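**Q** If you want the building blocks of each chain, they are given just below.
Protein chains: 2
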Amino acid sequence: MKTAMLITLNTLAALALTLNARAAAPLPSWNDTAPKRAIIAFVEQVTKEGSPDFVKPGERIATFDNDGTLWVEQPIYTQVTFAIDEVIATAPHHPEWRETEPFKSILAHDREAMERFTIQDFEKVVAVTHSGMTVQQFQEIVQKWLADARHPRFKRPYTECVYQPMIELMRYLRTNGFKTYIVTGGGQEFVRAFAEPVYGVPPEEVVGSMGKVKYDYGKDGKPELIKLPDVLLVDDKTGKPEGINMVIGRRPQCAFGNSTGDQQMLEYTGAGGGARLMMLVHHDDARREYAYGAESKIGTFSDALMAEAKKKGWVVISMKDDWKTIFPATVK
Amino acid sequence: MKTAMLITLNTLAALALTLNARAAAPLPSWNDTAPKRAIIAFVEQVTKEGSPDFVKPGERIATFDNDGTLWVEQPIYTQVTFAIDEVIATAPHHPEWRETEPFKSILAHDREAMERFTIQDFEKVVAVTHSGMTVQQFQEIVQKWLADARHPRFKRPYTECVYQPMIELMRYLRTNGFKTYIVTGGGQEFVRAFAEPVYGVPPEEVVGSMGKVKYDYGKDGKPELIKLPDVLLVDDKTGKPEGINMVIGRRPQCAFGNSTGDQQMLEYTGAGGGARLMMLVHHDDARREYAYGAESKIGTFSDALMAEAKKKGWVVISMKDDWKTIFPATVK
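These protein sequence lines map, in sequence, to chains A and B.
Going letter by letter, the first sequence gives residues 1 to 332 in my numbering.
Going letter by letter, the second sequence gives residues 1 to 332 in my numbering.
These are computed hints drawn from the structure, not numbers from a lab.
Everything numeric in this text was worked out from a predicted model, so none of it was measured.
Be aware that a few hints might be false.
Residues from chain A shown here face chain B by an in silico Cβ test under 7 Å; the list is partial [unchecked claim]: (1) Ile76; (2) Arg192; (3) Tyr215; (4) Asp220; (5) Lys222; (6) Asn245; (7) Gly249; (8) Arg250; (9) Ala271.
In silico DSSO-like cross-links for lysine-lysine, where the CA-CA straight-line distance does not exceed 27 Å [said to hold, decoys possible]: (10) A:Lys222 / A:Lys237; (11) B:Lys214 / A:Lys297; (12) A:Lys124 / A:Lys237; (13) A:Lys214 / B:Lys312; (14) A:Lys312 / B:Lys219; (15) B:Lys222 / B:Lys237.
Each residue gets a CB set at the ideal place from its N, CA and C atoms; glycine is no exception.
Please model the complete structure; the sequences and the hints are all you need to start from.
**A** Listed below in structure tokens is the structure:
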């Protein structure tokens with residue numbers, strides 16, 4: 001009797017989910033071109049019970065790069081802008097920076113010098129702005145910065161410089177039983193500070209470059225996690241499948257990126273059996289966003305990556321041709 | 001119209017979940033003593049909408065130690081037994097081990113020498129048995145070993161030397177919207193090899209000690225993740241909140257352990273606001289399992305930990321008094 005009731009209720013719950021999934025036409029900001037059709041065909045393959053490609057709901061994993069895949073990365077990575085702004089904001093507490101590079105150039109707003117910054121220079125900037133506070137304090141600093149900062153061209157918050165078609169894709173996948181992970185070269189705790197309200201992605205589904213943290217006790221004796229300047233994982237290129245293994249422990253069925261930093265994640269995803277979907281956002285829309293590729297320092301989409309995509313059947317999304325809109329229309 | 005239908009179906013789905021949760025009396029293997037009452041009171045507090053302690057379903061996190069909390073850790077950690085068996089099994093490929101410690105003592109079955117093994121000795125054993133293969137190959141080796149190995153006293157597979165009351169507790173928490181993470185000092189990939197069928201915990205909800213992995217290409221050109229002998233995280237003591245931050249990124253509302261290695265995880269959990277539940281399994285049942293505590297090298301439950309538990313209101317579970325049964329009755 002109890003069992004019968006449970007089965008009926010479970011069936012109802014499943015029915016409710018299924019009907020929810022079908023209620024609205026999916027992906028309204030996508031043109032009816034090859035990428036949209038590939039997404040819908042893939043989802044039908046893996047969700048259709050009895051299909052040879054069927055994947056159980058708990059095992060459906062999608063991974064998304066962030067910079068250039070979910071939000072704007074030009075003219076400079078948002079996290080770098082944050083770090084530079086933080087150096088300027090905290091400079092009064094660091095008189096020594098006025099005489100020390102790379103801080104000196106930042107404080108002098110010397111754009112030419114900043115364009116010549118090496119990886120080591122950026123590492124120094126990240127080290128001082130991303131350590132020495134608790135994880136919670138850091139995320140509050142990021143949230144406060146995101147609330148005030150505006151993109152130099154689009155004059156809106158960075159959290160509204162996200163790609164509406166990709167937001168719809170994440171939602172469509174979640175409605176179909178996927179967990180939608182972010183797998184970003186950016187800082188894990190930087191992205192966690194906004195991923196839930198902006199993308200609907202909770203902290204435990206954000207994989208990113210990781211710094212060490214140290215468990216310690218504050219002045220009040222309360223335990224806290226202090227961010228250290230040491231790097232634990234650079235979640236880019238081969239670091240992406242490595243980070244996926246650390247946090248997820250399963251191979252995704254689909255993966256979405258936009259640059260050479262995502263190649264290994266797409267390769268790793270594609271090497272599994274059954275239906276797979278690998279997609280690359282191609283920035284070819286100078287009018288509505290940016291057009292860049294092989295020659296760009298940020299978000300490099302090399303000719304070799306394009307050749308690899310063609311060879312392996314990875315779907316290249318043309319922002320110009322495949323997306324009706326780029327950004328969400330209204331502030332949420 | 002569509003919206004109205006969605007609301008109705010969502011309500012039905014929620015109703016189904018609620019009724020499912022209430023259908024069976026929870027925690028049947030627990031005596032009706034203080035620990036069971038504390039669990040039920042805690043769950044009611046955090047799940048009751050409108051309660052000041054209410055936590056949204058997606059944010060409900062429970063963390064469980066594994067060795068000594070979910071399964072037997074005496075007379076020796078299961079993973080150590082696995083590593084020793086692996087040394088013996090693979091010795092024919094390593095003639096040099098016959099002359100090199102600590103392998104020489106293992107191959108000579110010299111129990112006395114093995115009892116004197118240092119941490120460094122064990123590290124050498126773990127390094128050779130837990131690296132040099134792909135993550136997938138390693139998990140297949142573990143699964144094969146678990147299928148054949150038997151606990152020396154209970155004469156049943158290690159995966160059946162799990163604590164039935166804790167399995168029921170995990171299930172009860174999941175039914176009430178919690179994610180039940182394992183946070184173990186054992187190897188993350190070792191525990192992932194059996195956590196889903198045995199505990200209902202998927203790979204992405206297993207935090208453990210982590211070794212580095214390397215993304216590379218096999219002979220067939222297929223990408224794979226190779227286990228390296230380098231340690232990335234020792235997920236014990238202060239490493240537990242650090243590992244929780246890496247993989248989960250949220251503070252748990254409840255945490256379950258059994259030894260000094262779990263103290264920081266319980267502290268960190270308890271330092272959050274609202275209702276919290278911290279519990280320690282106390283092994284005081286020599287007849288049905290084992291009795292050990294402050295003097296034990298494995299699963300040390302120091303007097304200081306007991307004092308801390310009393311001071312902070314952590315609930316100590318007496319296996320003897322609070323659990324009706326220890327192990328699952330039948331092979332599943």
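**Q** Evaluate each hint against the coordinates.
**A** Verification of the supplied hints:
no., hint, in the structure
1, Ile76, "26 Å, violated"
2, Arg192, "5 Å, holds"
3, Tyr215, "4 Å, holds"
4, Asp220, "10 Å, violated"
5, Lys222, "5 Å, holds"
6, Asn245, "5 Å, holds"
7, Gly249, "3 Å, holds"
8, Arg250, "5 Å, holds"
9, Ala271, "5 Å, holds"
10, A:Lys222 / A:Lys237, "38 Å, violated"
11, B:Lys214 / A:Lys297, "26 Å, holds"
12, A:Lys124 / A:Lys237, "22 Å, holds"
13, A:Lys214 / B:Lys312, "23 Å, holds"
14, A:Lys312 / B:Lys219, "19 Å, holds"
15, B:Lys222 / B:Lys237, "38 Å, violated"
The structure fails hints 1, 4, 10, 15 (numbered hints given earlier, in ascending order).
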